[in-house]
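J.: Sequence:
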Amino acid sequence: MSLIRVEHVDKSYASRHGTISIMQDVSFDVKNSDFLAIVGPSGCGKSTLLRLIQGLDRPSAGRIYFQDQPVDRVCRKMAMVFQSFALYPWLTVSQNVAFGLEALGWPEERIGPQVERYVSVTGLDGFQEAFPRELSGGMRQRVGLARALAVEPSVLLMDEPFSALDPLTAENLREEVLQLWRDPQLPPDAVLLVSHNIEEAIELADRVIVLSRRPGHILAEVEVTLSRPRDRKSAAFYELTDRVYSLITAGGQSLATPPAPEAAGRSGEAL
Numbered sequence: 353m354s355l356i357r358v359e360h361v362d363k364s365y366a367s368r369h370g371t372i373s374i375m376q377d378v379s380f381d382v383k384n385s386d387f388l389a390i391v392g393p394s395g396c397g398k399s400t401l402l403r404l405i406q407g408l409d410r411p412s413a414g415r416i417y418f419q420d421q422p423v424d425r426v427c428r429k430m431a432m433v434f435q436s437f438a439l440y441p442w443l444t445v446s447q448n449v450a451f452g453l454e455a456l457g458w459p460e461e462r463i464g465p466q467v468e469r470y471v472s473v474t475g476l477d478g479f480q481e482a483f484p485r486e487l488s489g490g491m492r493q494r495v496g497l498a499r500a501l502a503v504e505p506s507v508l509l510m511d512e513p514f515s516a517l518d519p520l521t522a523e524n525l526r527e528e529v530l531q532l533w534r535d536p537q538l539p540p541d542a543v544l545l546v547s548h549n550i551e552e553a554i555e556l557a558d559r560v561i562v563l564s565r566r567p568g569h570i571l572a573e574v575e576v577t578l579s580r581p582r583d584r585k586s587a588a589f590y591e592l593t594d595r596v597y598s599l600i601t602a603g604g605q606s607l608a609t610p611p612a613p614e615a616a617g618r619s620g621e622a623l
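Residue 353 is where the sequence shown starts when you use this note's numbering, and the numbers rise one by one after that.
Derived by calculation from the structure, the hints in this document are not laboratory data.
Using N, Cα and C, we set each Cβ at its ideal position, and we do this for glycine too.
Fair warning: there could be bad hints in the mix.
Computed spacing ranges between beta-carbons, pair by pair [stated by the list, open to error]:
#: 1; residue 1: 365; residue 2: 478; range: 44 to 52 Å
#: 2; residue 1: 417; residue 2: 438; range: 24 to 32 Å
#: 3; residue 1: 395; residue 2: 477; range: 20 to 28 Å
#: 4; residue 1: 440; residue 2: 373; range: 40 to 48 Å
#: 5; residue 1: 518; residue 2: 454; range: 17 to 25 Å
#: 6; residue 1: 572; residue 2: 385; range: 18 to 26 Å
#: 7; residue 1: 537; residue 2: 373; range: 16 to 24 Å
#: 8; residue 1: 460; residue 2: 364; range: 43 to 51 Å
#: 9; residue 1: 369; residue 2: 537; range: 46 to 54 Å
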């Protein structure tokens, strides 16, 4: 059984200049233990698609199902990590992590141990009483990740979570997300990542969905069968990167020529 089914989804918005179509006829599924990435040019509806899946917005046409139930409201079994950290600046690390649990109505005696567990899991020990302004960008994103994991979601939605970080911090966090996902004792059951960075998607995901320029539709679904840890400098990795670039280019988006293999470590940042 699929955790998520997206069936023939369209999304459009009315404007004073007429209807703006964001995506058309998008269909795919997310199964248990999946790590799925979605890539495509800016404006093709990647982030909008995450919002539709979680129930924060509604499709104009088509349906989305979670565990065979239609998503017609915000799904509490999914949690999202945002690009912009989205922390409350007046709350401490522990209070930010606890926020989602409080919103779900967890009893106070359960919240404290749960917060401590995920503060520890995400490497935030010693920073429990710090405020976001006192943390680096990488540490703030750890808080966002801890807050999302603390509610023990079945699906973790990640909206370009590493794009605001320096390359070294981003790489460290990618590795930590993979470790958390592969630990059977920890949530989530599946991860759905939106990224502009093609190499990031290939490094992390088992499947990559490639969207066209707006209105976004699926150009291809690329399987990534490379063993982990994945070597960004390998010929196989570069071939996959080049294939995804070519798919997007063929879909009508003008992109820079993919870099040579020795420069592949930076290619995804061109999008």
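J.: If a hint holds in the structure, say so; if it does not, say that too.
T.: Consistency of the hints with the structure:
1. 365 to 478: 44 to 52 Å: holds, 45 Å
2. 417 to 438: 24 to 32 Å: holds, 27 Å
3. 395 to 477: 20 to 28 Å: The hint (20 to 28 Å, Cβ to Cβ) is violated, given that residue 395 and residue 477 are roughly 40 Å apart.
4. 440 to 373: 40 to 48 Å: violated, 35 Å
5. 518 to 454: 17 to 25 Å: Given range 17 to 25 Å: violated, Cβ gap about 32 Å.
6. 572 to 385: 18 to 26 Å: At 22 Å between Cβs, range holds.
7. 537 to 373: 16 to 24 Å: violated, 43 Å
8. 460 to 364: 43 to 51 Å: holds, 44 Å
9. 369 to 537: 46 to 54 Å: This hint holds: roughly 52 Å between Cβ atoms.
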